[in-house]
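> Using the sequences plus the hints, can you model the full thing?
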Amino acid sequence: MSFVSKPRIIHKSLKRNALGLTVRDYEGVATTLCAGCGHDSITAAIVQAFWEMDMPAQQVAKMSGIGCSSKTTGYFLSAAHGVNSVHGRMPSVTTGANAARRDLTYIGISGDGDSMSIGLGQFAHVIRRNLDMLYMIENNGVYGLTKGQFSASADLGSQTKKGEANQQPPIDPVKASLAMGASFVARAFSGDKEQLVPLIKAGLRHKGFALLDVISPCVTFNDHATSTKSYAYTREYYHPAIHADFIPPSEEIVARYDEGETMDVQLHDGSHVILRKVDKDYDPTDRGRAFNFLMDAQDRGEVVTGLLYIDQKQGDMHQRSGTASKPLGRMEHQELCPGSEVLKDLQKAYR
Amino acid sequence: MSFVSKPRIIHKSLKRNALGLTVRDYEGVATTLCAGCGHDSITAAIVQAFWEMDMPAQQVAKMSGIGCSSKTTGYFLSAAHGVNSVHGRMPSVTTGANAARRDLTYIGISGDGDSMSIGLGQFAHVIRRNLDMLYMIENNGVYGLTKGQFSASADLGSQTKKGEANQQPPIDPVKASLAMGASFVARAFSGDKEQLVPLIKAGLRHKGFALLDVISPCVTFNDHATSTKSYAYTREYYHPAIHADFIPPSEEIVARYDEGETMDVQLHDGSHVILRKVDKDYDPTDRGRAFNFLMDAQDRGEVVTGLLYIDQKQGDMHQRSGTASKPLGRMEHQELCPGSEVLKDLQKAYR
Amino acid sequence: MSQVNNFVIKLANVNGTGSASANGLVMKAIFRMGVPVVGKNIFPSNIQGLPTWFEIRVSREGYLARSGEVDVMVAMNGQTFDRDLKEVSPGGVLLYDSTWPRERSIKRHDVTVLGIPLARMCNETFENPRARILMKNMSYVGALAALLNLDMAVLRELIEEQFASKKKLVGANIQAIELGYNYALENFKCPLASHIEPMDKTAGHIMIDGNTAAALGCVYAGATVGAWYPITPSTSMMDAFRSFSEKTRVDKETGEKNFCIIQAEDELAAIGMVIGANWAGARSFTPTSGPGVSLMSEFLGFAYYAEIPMVLFNIQRAGPSTGMPTRTQQSDLLLCAYASHGDTRHVLLIPDDPRECFDMAVQAFDLSDRLQTPVMVLSDLDIGMNDWMVPELEWDDNYRPDRGKVLTDADLAKVEKFYRYVDSDGDGITYRTYPGGDPKGAYFVRGSSHNKFGAYTESSAEYKEVLDRLLVKWETAKTVVPGPVIRSSDQPGRTAIVTMGSCAAACREASHKLAAKGIHLDYMRVRAFPFGEEVEQFLEEHDHIIVVEQNRDAQLRTLLMTETRVHKDKLHSVLHYDGQPLDYRIVVAGVEEFLSKGEMA
Amino acid sequence: MSQVNNFVIKLANVNGTGSASANGLVMKAIFRMGVPVVGKNIFPSNIQGLPTWFEIRVSREGYLARSGEVDVMVAMNGQTFDRDLKEVSPGGVLLYDSTWPRERSIKRHDVTVLGIPLARMCNETFENPRARILMKNMSYVGALAALLNLDMAVLRELIEEQFASKKKLVGANIQAIELGYNYALENFKCPLASHIEPMDKTAGHIMIDGNTAAALGCVYAGATVGAWYPITPSTSMMDAFRSFSEKTRVDKETGEKNFCIIQAEDELAAIGMVIGANWAGARSFTPTSGPGVSLMSEFLGFAYYAEIPMVLFNIQRAGPSTGMPTRTQQSDLLLCAYASHGDTRHVLLIPDDPRECFDMAVQAFDLSDRLQTPVMVLSDLDIGMNDWMVPELEWDDNYRPDRGKVLTDADLAKVEKFYRYVDSDGDGITYRTYPGGDPKGAYFVRGSSHNKFGAYTESSAEYKEVLDRLLVKWETAKTVVPGPVIRSSDQPGRTAIVTMGSCAAACREASHKLAAKGIHLDYMRVRAFPFGEEVEQFLEEHDHIIVVEQNRDAQLRTLLMTETRVHKDKLHSVLHYDGQPLDYRIVVAGVEEFLSKGEMA
Ligand SMILES: Cc1ncc(C[n+]2csc(CCOP(=O)(O)OP(=O)(O)O)c2C)c(N)n1
Ligand SMILES: Cc1ncc(C[n+]2csc(CCOP(=O)(O)OP(=O)(O)O)c2C)c(N)n1
Ligand code: SF4
Ligand code: SF4
Ligand SMILES: [Mg+2]
Ligand SMILES: [Mg+2]
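Chains as they are written, first to last, in this note's numbering: chain W, 1 to 351; chain D, 352 to 702; chain E, 703 to 1303; chain R, 1304 to 1904.
In case anyone wonders, no lab produced these hints; they're calculated from the structure.
Below, simulated DSS-like cross-link-like pairs (lysine-lysine); rule was C-alpha separation at most 25 angstroms, straight line:
# : chain 1 : residue 1 : chain 2 : residue 2
1 : E       : Lys-1272  : R       : Lys-1873
2 : E       : Lys-788   : R       : Lys-1755
3 : E       : Lys-1154  : E       : Lys-1116
A few chain R positions that, by computed beta-carbon distances, are all more than 12 angstroms from chain D:
#  : residue
4  : Gly-1394
5  : Thr-1505
6  : Glu-1559
7  : Asn-1561
8  : Asp-1705
9  : Gly-1740
10 : Lys-1743
11 : Ser-1763
12 : Lys-1820
Where chain D lies over chain W, by a calculated footprint (3+ residues, C-beta under 8 angstroms):
#  : stretch
13 : 117-130
14 : 163-169
15 : 172-184
16 : 288-294
We treat Cβ as the ideally placed atom computed from N, Cα and C, and that holds for glycine.
Written as C-alpha cells, this is what we have:
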C-alpha cells in the first residue's frame, strides 16, 4: 500500500549502463519498510548489481516468500516478473519456474524466519538440487513482520523487545548450507555495499545454487531497552510496554572495512556484531576448511563475511537430469506431443 | 495385519533381568516387514537394550512417523504406549509429549525418507531444542514402503530396482545433526548388535537429544539387477519388469568388527559398504574434529560408526525454559488454576 | 438524535508513531466516565510508515458494532488527509495538526475543520526528538479532552497508572495533554455537540480484547502446554498466555514454571506438539490463523481419527491465501468444519466477544477431552485484537475440568483387559489412558486403519465399525456443545436473523433499528458446530431466515443447508467480506433489500 | 444363468511372491480370447508376506464392476485358507496347493475342492529356489488353463511376448504351465462349468489402469514438468509418465529430454514446483493422494487467488488420516472442492475409468490454462491401479492446447499498458503473460490482497472487486467443464441414480438388474465441479434421486445440496466406504431399500 507514489524523474546526469539504463531503471515501487531497515540497504545493493551487470529486466525472475525481507522483491526491478509466494516456500516455486525456464536468472529473497524455520526443508533441498539461482537471506535474527519473535538464527541469550531471552542456539544458514552441500556460500553485511554488490553479482553468475546470507539489522525489533548497551538513555519519554507501537526513527547502518580485517559494528539496539572479512588469499574451494574457519571465528565471537566456499564443477539440476537446452516452457506442442500413430503403437502393450 | 499371532511361550531357561522379565517381555507384535529386513535386526537390538537396562515398560513412549521403519515401534515393547503419527512429523509429536511428561523415556524411530525429506525441518528443530529423546533413523537410502524411490540419503549414482540412477548428492543425517548442534551423535550398522545395543543404551541415557543413525539395508529395493555386483546370476528365472511384485527370500546381514577397524559388508544387491568403527581413543567431545573425521572417512569411501560426538552440558528443552520438575501432565487442577480472586485482580488492568 | 454520549471518533495516524497508546487513553477515559465505548483498530500489514486508523464508538445504548458514521475525525496523517476529510459525516468535525498546511483537493462545507499546531507546540516544549513524536499524540488527546468534555482528572489518573513504573514520565505526558487542552479551550467552542457526559453504564465491565481473554481462559482451564507459530492476528494470544502464566504459574520460591510454551518452527510442528501433549495428558492448545489451519489439515485428520483431544484457536483474517492479514473475516468456517482428507468433521465453537472467548476457551478443553477430538474456537481479528466492553469475567472456584473418559491405574486394576476403541457406553466415546501408567493400559495410537481393539487392520468390516462409531460420537457432540443464543423479538414471527461470532453486535443493533421501523425479527446466534436440536427447532419455526456472515461464499448458510434439516429455500444471505468489522447498517440494508424483494415476489 | 464367460476367479496369494504376473497372465489370456474381463487387486499396505487377492471378473456382457460372487477360488495362501473357502459361492470351486495338508475349521459341502501338489511338482522340476516360487505361480496358471478352457496357444504367445528380452525364460515358464495343465487334465473333469469360450467382444479394446492412462494423457497434453512426492496409490502415475517420456520425448541424437521430473522432498514442495512451472509457462502437474492434498491446501489457495493454472491428480484412497493406503474410496471430494482457508473453490474433474483418465488429463490442462486456476482430477485406487477393459485411446492430431488468455510479446506491442487482473471480456478471466517476455508484460504475483491492476492493496473496495470477479470466473467455469453423462432408462421416469467416478460400472450393472425387475431408473454421472446447467436440469426433472458414492459422509450429496438448486429432500444416499471397489449388488440393495421405504411412506 504505497501511498506516496514515487516520482520517476530521471536525472540527466545519472550514468547509463550498456543497455542505456540508469540505476533508477532498476528500482521498484517505494519501500514500505521501516526507515533505516537493513533490508532497504540490500535492495539498493541489488539495484546496483543488476545495473552494473547490464541485466535486461526480462531476463530476471524475482522470487520470495513472506516477511519484511520477502517484500523487498517489489522494491527493485519493476520491469521484471516476480512471485511473492507463501511463507517458507519460495524455493519450491523457484525450482518449478527454473524447470520451465532454465534460461532466466533467478534471484530469491528470503528472511531468516522464512528460510530457517518454516522453510528449512525446502532450503536444504533446493541446495541439494543445486538449482541455478541466487538465494539471499536478509538475516536479522527476528521475525520482523510478525513483530519481533526470535527466529532460528537469533543468537543465544539475545532478548526480544518484551524482554524474553532466547534459549535456543542458532541455526547458521552458512554452516547449514555447507553441510547440505551448497556449491556457493557467502556472507555479507547490509551496510557494506562495497562487499555486497560484488557478491550479488558473483552469486547471480554462479551456475548452480548460490547462498548469500546478509546480516541485516532490524531497527525496530532489536531496539529494546534490555540489550547490553542501548539507546535507553535517549528515551526519557518512552515506556516500552505502553508505547508498544512506537518505532523510533532510525538510520541505515553503514560499515566499511578491508579484506582480512575485522570491524565492530554497533546495531540500533546498541549491541555489537564483529565482522571478519575473509583474506585475499583465503581459499574458498575447500569445504572442510571453510567449516573449520567458521567454527574458529565463531569461537572468537566473529561473524565471517566474504565468499566462503565455491565449487563450480557440480552440475545444476538440469545438467544432472539431462533436460533439453531449449526451455521447456518455450517448447511448441509439436515438439511435445507424440501424435496418434505413436499412441496406437504404445497401446499394443495393453492388448 | 498380523495373521500369525505370535505365541508368547516363555521358556523357563530364558534369563531374567532385575525386573524379573525375560527378553521376550520386551517384544511387540510379529513383524510384517520383509524377511531379512535390516529394520528387524534393529528391533531385536532395541529389545535387547531395554531388557539389559531393566526398563519398565510404562517408563517408555515409542514414537514414529510413516514408513517400514516407522512401523517397527509396534514390534517391541507391547506394554508401552506408542504413537505412530504422520509422515515426517514424529519429532513434533514427541516434543509435545515430552513437554507434558518429562519423566518418560522417549524413543523415536524414523526412516531416512521420514527424516531427511518431508521431516527435515522438524528433525533440525527437535535437535535445536535438545529434546530429551533417542532418535533413531533406520537408514536404507530408499523409501521402502512406497516401493523403492530414492531417499535424500541415497548415494550418488545408486540405482533403483527400475534402473534409474540417483543424481542428487546425499544428505547425511550425521553431518546434518552435527551442523544443527546435536548433543549426541552416533552411527551403527543394523547387523552389528555388539555395537548397536550399547549405543542404544547410551542414547536412551543421554539427557538431551541423541541421534543414532543406523545403516539398515532394504533387502527388497536394493536388490536390483543393475547394481555393480548383484545376485543376478542366481536369478535365471526372474525378469524384473514382469516379476515386479516378486521379493526373493533374504536373510539378515550380520557384521562384526572391532573398534578402529574397517569392515566391508556386502549388501543383498551385491554392493558393498565399508564401515569404520571409531577407535577406543577417539575423542567424541570435539564437534569440529568429528566433522573433519567424517569428511576424511567419506573421502576414503568409508562410513564411520560409533559414538561420534557428545556434549553433556547443554540443557534439554525443559532445563532451558525452567519448566517445573513435576510433569505438567500430572499437575492437579488446583496447581494450575489461579482462582476467582486472582481473576478479579487481573481484571483491574482492564478497567 | 442527541449526540451526547452517542458518536464516533476516528483517529487517522501513521503506524509506528506510538499513537495506539494515546488513542487507547481517549477510549479508556470515556469508559472510566461510565459511558459505553468500543474501539476498532484498522491497521496495515507492515510495521512503520503506513496509514492506520482507530475508531472509537461512544454509545450510551451500549452498541458495540460499527455504525459507519464519523462524527469527530482526528486527521494526523497527511497521506490520507483527503480521504479522511471525505469520510466525516455531515455536521461532523475534523481536527488536524496545522503546523504544516494541508493541501485539500476536496471541499467540505458541512464539516467543521479545526487546526491546532500540535507539532509546533510540542517542538517548542520538548527537547528530545523521540519525545516530540510521542507528545504530539498526547497533545491531541488534550485537545480532544477539551472538545469532548473528557474528565481531566480521569486522564491524569490513567496516566499515573500507566506510568506507575516510570513515574518521571507522568509530568511530561500531562504537560502535553494540557498543551492541547488549553489550546482547544482558548481557540474553539468547547465542548462540541458530540461530547461526553458521565454515566454509570460501565460498572462491572472491563475493556478487553478476545485474544487476551482467550489466553486467560486457557490459564483457567488448566492448559499447560502452548505451541504456536507466529501469525497475525493470533500472535497476541500466546503473548498474553505467556504473561498471565508468568504472573500466576511460577513458583515463588523455586522459579519453576507450571507451563511450557514452545515457539514451533511452523504450524505443522505446532499442531504436532499440541497433539503429543494432549495425548500425554496435558491440556494443550495452539493459536493460529487461516494459513496455519490449512497447514494443519493433515494433522487435524490424524487427531480426529486417532481420537486425540486438542484445542485450536483460529483467529480468522481475510483470505484467501495471505489475503489481508490485518483485516477481519469469517471465511474459514468450511475449512475448519471439514479439515483434512477422508471423512472428517470437527467440533467448532464460535464466540461473539472477548467474554465468550474466555468462557469458550474453557469449554473447548472440556469438550475436547470429553469428545476426544479436536475442538476449534473460531474467533476473528475483530474480536481477537480489538478492545470490547464486556461484563467482567467470572470464575467458579468449584469448576473441575472434565477430562472425559480416562482410566487411571486404579480403574485399570478393576478391568480385565483394556481396549482403546471399544464403545461400552453407546455414546461413541471410548476410554483412554495416559502414557506412564499401568502397562495394562498401554495402547498404540495410529492414523492408519485400526479395529476397535486398537490393532492395525485392513479388514473392511473392522475398519468400517470404527468409522461408524465416530458418527455416533458426532451425534453425542450435538448434545453437549453449547446451544444457540436465541432472542425472540417483541412480536415473534416467521422471519429471523441467524448469525455467528462477531456479527452479533451489528445484528443486535440492526434488529433494534428495524424494530423501530416496524420490522420485527427473531434472532439466533449459533455458537457451535455440529448444530444441536435447538438450532433445528428454531430453523423449523421460521419461514424466512436471513443468514448474516462475514465471508463471500455464505459458508454458514452452506453448513446449515447440509448439516440441519432446514429447507434451503428458507435461507437468505447477507454477506459482508471487505475486511472491515461489520457495520450494523449493512445488516439493516440487507434485511430491507430481502424484504422488499419478498414483497415483490 | 449359464456360467460360460460369466464368472469370477479369485486368487489368494501372499504378497512379494511374484503372483501378480501369473494372475495378470490369466486375465490377459481371457481378454485375448475375446471375452470381456476386469481385474481387481486387493493388496496390503506392506511389501512382503501378507495376504493379497486378485479378482478376475469374466463377463460376456462386459460388466466391469465387482459382483460379489467367487466361482473359482485359487487359494494359495495358507494364512487365509479358511476365509477364502468361506467366500466361495455355492456350487463354486476351490483350487489349492495340496503339497501340504490344509487344516480346515469349516466344511463346505457345496464347494468342489481341488488339490494339486504344485509346490511338490515344482520342487521336483526346478532347481533354483527362487525359480520354484515363481514357477509354482505359473503352474497354477496351467491348472486354470485346463479348468477354464484357456487357449494354450494364447498363453504361449503371451509368455513369448513378455519374455521377449529374456528368451531363455520362455521354456521354463511354459514347462511350469504345462505341469499344472497336465495335472488338472489328468485328475479333474475339465473344463469346469465356469469356463471360457472364445468371443469377439474385446476387439478395439485395451486393458489399462487409470494411472498409466492419465500419465499418457499428460504426455499428450504437452505437460513437461512433473513434480511429486511418492504416495500410494498415485506413485505409479509418475512412473508411467517417466517411462512414456523416456520413450517419446528424448532426442535420439543428443539424448536431451523434453521433460523434467522432480521427486520433491514433500507434497508442499511438489505443489510449489508445479505452481512455479505453470507460472513460467510450462504445463506441469503433480499426482498425489489424500494426505498430500491436505498438505497442499495452503498452496491451493495461493494458486486460486493468484490465478495460476496447475493440475493435480488425486488418486483417492481410504481415509481419514493414513487410513487404508491400499484401499479405494471417494472421500476427498469436499476437501478438494474447497481446499484452503478463506473463500476458495476449485474445479474438479471426475473420471470413471482409465480411458476417461486419459481424456480428462488433457482436458484438465486446457481448463486450467483457460480458467487460470487449479484443476484437480479425482481418480481413485480402483481406477488408478486396477486394469480395466476400455475402448482404445484416441488422439486427434489436430488438437492444439488451449493455453487460455496469454499475451505474447506481439500482443503486448499492441496494447498501451498491461494490467494482470483487469477483466476486459466480462467472463472473469483476465490476461496473463509469461516471464522472460517483454517487460511491458511484467507483473508481480502475490497471495496477498491485490487490486485489479495487480498492485498490493488494503483497500476494501479494491480487494472485494477482485474477489467478486473470481465468482464471475466460477460462473464461466460452469459453462466450460465437461457436462454429465446422462442415460435415460427405457421407461424414463422421476426416479434416478446420480453418481460419479468409479461407481459408474456398478451403477450401470445395477440399473440393468433393476430394470429386469421392472425398476427403471434414469442415470446421471457428474463429471465435473462446478455443476453446470445440464446437471441442474436433470435434478430438476427428477423427484427421487439416489446418490451413489464411496464415502461415509455423503460428500457428493452434500455438494449437490449446496451447489445446485436441487431441493435436498429429493436426494437419497447409497453409501459404500469399506475400501473395497463397489459391488453392483450394494447399489441394487440400496435402491430397493429406498424404494421399499418410499412405498411405506
Ligand atoms: C503459514 C504462515 N505462517 C505464519 C505467517 C506469519 N508470518 C509472516 S512473516 C513471518 C516471519 C518473517 O520472518 P523473516 O522471514 O525473518 O522476515 P523478516 O520480517 O524478519 O524480514 C511470519 C511468521 C504466514 N504469513 N504464513
Ligand atoms: C504425507 C504423506 N506423503 C507420502 C506418504 C507415503 N509414504 C509412506 S512411507 C514413505 C517413505 C518411507 O521412507 P522411509 O522413511 O525411508 O522409510 P522406509 O520404508 O524406507 O523404512 C512415503 C513417501 C505418506 N504416508 N504421507
Ligand atoms: S520490522 Fe524490522 S525487518 Fe521489518 S521493516 Fe521494520 S526494521 Fe525492517
Ligand atoms: S521394503 Fe525394504 S525397508 Fe521395507 S520391510 Fe522390505 S526390506 Fe524392509
Ligand atoms: Mg527475519
Ligand atoms: Mg528408508
